[in-house]
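Asks: Sequence:
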Amino acid sequence: MWSSNVSTGAELSISAIPASQLAQDFGTPAFIMDEADFYARACTWSSALNNAFGSNAGNVYYAAKAFICVEVARWIKDIGIGIDVCTGGELAVALKGGIDPSKIELHGNNKSVAEINKAVASGVGTIVIDSLFEIDRVAEAATKNGLVQKVLLRLTPGIEAHTHESIATAHEDVKFGFSIASGAAWKAIEQVRTHASLELRGFHAHIGSQILETESFEISAQRLIALLAKYRDEFSAELPELDLGGGYGIAYLPGENNLDPELVMNTLAEVVTSACANQKLAVPRVSIEPGRAIVGPTMFTLYEVGTTKDVVLENGSTRRYISVDGGMSDNLRPALYEAQYTAVLANRSSSAKKISSRVVGKHCETGDIVIREIDLQSDIAPGDLLATPATGAYGRSMATNYNHVPRPPVIAVKDGKARVILRRETEADLLGLDI
Numbered sequence: 000m001w002s003s004n005v006s007t008g009a010e011l012s013i014s015a016i017p018a019s020q021l022a023q024d025f026g027t028p029a030f031i032m033d034e035a036d037f038y039a040r041a042c043t044w045s046s047a048l049n050n051a052f053g054s055n056a057g058n059v060y061y062a063a064k065a066f067i068c069v070e071v072a073r074w075i076k077d078i079g080i081g082i083d084v085c086t087g088g089e090l091a092v093a094l095k096g097g098i099d100p101s102k103i104e105l106h107g108n109n110k111s112v113a114e115i116n117k118a119v120a121s122g123v124g125t126i127v128i129d130s131l132f133e134i135d136r137v138a139e140a141a142t143k144n145g146l147v148q149k150v151l152l153r154l155t156p157g158i159e160a161h162t163h164e165s166i167a168t169a170h171e172d173v174k175f176g177f178s179i180a181s182g183a184a185w186k187a188i189e190q191v192r193t194h195a196s197l198e199l200r201g202f203h204a205h206i207g208s209q210i211l212e213t214e215s216f217e218i219s220a221q222r223l224i225a226l227l228a229k230y231r232d233e234f235s236a237e238l239p240e241l242d243l244g245g246g247y248g249i250a251y252l253p254g255e256n257n258l259d260p261e262l263v264m265n266t267l268a269e270v271v272t273s274a275c276a277n278q279k280l281a282v283p284r285v286s287i288e289p290g291r292a293i294v295g296p297t298m299f300t301l302y303e304v305g306t307t308k309d310v311v312l313e314n315g316s317t318r319r320y321i322s323v324d325g326g327m328s329d330n331l332r333p334a335l336y337e338a339q340y341t342a343v344l345a346n347r348s349s350s351a352k353k354i355s356s357r358v359v360g361k362h363c364e365t366g367d368i369v370i371r372e373i374d375l376q377s378d379i380a381p382g383d384l385l386a387t388p389a390t391g392a393y394g395r396s397m398a399t400n401y402n403h404v405p406r407p408p409v410i411a412v413k414d415g416k417a418r419v420i421l422r423r424e425t426e427a428d429l430l431g432l433d434i
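Numbering that gives the first Met the number 0 numbers the first residue of the sequence shown as 0 and each following residue consecutively.
If you're looking for bench data, these hints aren't it; they were derived computationally from the structure.
Backbone N, C-alpha and C fix where the C-beta goes; we use that ideal spot for every residue, glycine too.
One or more of the hints may lead you astray.
Taking CB as the label site, the calculated pair distances span [as the list claims (entries may be wrong)]:
1) Ala-113 with Tyr-401: 24 to 34 Å
2) Gln-20 with Ala-225: 55 to 65 Å
3) Glu-269 with Pro-239: 29 to 39 Å
4) Glu-261 with Asp-232: 26 to 36 Å
5) Cys-363 with Glu-426: 17 to 27 Å
6) Ala-380 with Ile-434: 38 to 48 Å
Listed next, the in silico SDA-like pairs over lysine to any residue satisfying Cα-Cα at most 25 Å (straight line) [what the hints assert, rightly or not]:
7) Lys-229 with Ala-180
8) Lys-102 with Val-92
9) Lys-186 with Val-147
With the hints as extra help, turn the sequences into a complete structure.
Replies: Pasting the structure below:
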């Protein structure tokens, strides 16, 4: 839930820097990021993939959509893993951070012609194709640049992953990929093979996000391998790659656990090896795309309390509303799909009785709720600090300027030192787009 260098003692601290010092130096709200923890988690996933698959290990592609900025792209370059981007903007950040284009994978269900052209011209290693239109567009871009572009086909394996419907991506009625069951996947295979400027390397599937069991990943792998066997039988050639996506869940609340990288990779390796043996296939190079699992726990959001208010409910009980200086503009997930978080009093210890509370933001929406139900100390007052853990994935990425609120900074902390890696927006930034 918290990163490895966070201490939740009398006053919350990260790498021995107290929360009150961070608030004083950088203001609130702010995303506080544990740099060493990011490195450790990324390396753990990379090691787990390599240990489980050995010579058949492909790439760990960090999913940029979870959170990316130029400095984090530099970390990814240093670690030596790849990156999965799904827009021209994410691609620009990855290239600015110095990531080798051959280690970049371009995703997205509606890539523009301009984005495709930029990716191909930049030397992006792999493009994951999501529609029949994209097949022709990527082929044309590759021909224009005088090269053969490596591609994967994103497939829909028809799986109802155990997660919220808004972040499930592998069932049939969804905007992503080519359905295996309906025959759309095979039609895409045949169309790719008509283009000399495309090299079909294999298949890709991403079944959803915040998944905390391995069964769905296992079924997805088996269905993709069955299609690899059909391809072999039809064309007398084996495709060499399989990308099993990401979606590995993390702990958000006390008592929850992160999905263990070694467990997941070892399980997938057993399934892939067994399925390939049954189909008499060589084991392909297997890649994965962890994003939330790497960056999610490395970051927490630091808020300052602005007001508190007691509200008497219909049943006669009382709920304390605690308003913080952020909200749905820096954490949209609770409003989007009822994501649950916890929080702690970060600037001091308190032995006051805990009471039923709701942590809310400053925006003009009833649904601007950070935490719907939590027991917090009754003496929390304006000026206190609250910290919400595990906000690294999608907090800053989904941040908005709703109500013209400037987006918070990201502060990286390592070895007792804190620095800004993404500055706070200002009112000048907000006004800068007006003509």
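Asks: Would you mind marking each hint as holding or not holding in the structure?
Replies: Here is how each hint holds up against the structure:
About 28 Å separates the C-beta atoms of Ala-113 and Tyr-401, a value consistent with the hinted range of 24 to 34 Å. The hinted window of 55 to 65 Å between Gln-20 and Ala-225 holds, with their beta carbons roughly 56 Å apart. At about 20 Å, the beta-carbon gap between Glu-269 and Pro-239 misses the expected band of 29 to 39 Å. Taken as a hint, the range 26 to 36 Å holds for the pair Glu-261 and Asp-232, whose Cβ atoms sit roughly 34 Å apart.
Take Cys-363 and Glu-426: their Cβ atoms lie about 18 Å apart, and the range 17 to 27 Å holds. A hinted range of 38 to 48 Å for the beta carbons of Ala-380 and Ile-434 is consistent with their spacing of about 44 Å. A C-alpha spacing of about 13 Å is found between Lys-229 and Ala-180, which places the hinted pair at or below 25 Å, so the restraint holds. A C-alpha spacing of about 14 Å is found between Lys-102 and Val-92, which places the hinted pair at or below 25 Å, so the restraint holds.
Annotation: proposed proximity of Lys-186 to Val-147 holds, straight-line Cα distance about 21 Å (limit 25 Å).
In terms of the numbered hints stated before, the structure departs from hint 3 and from no other.
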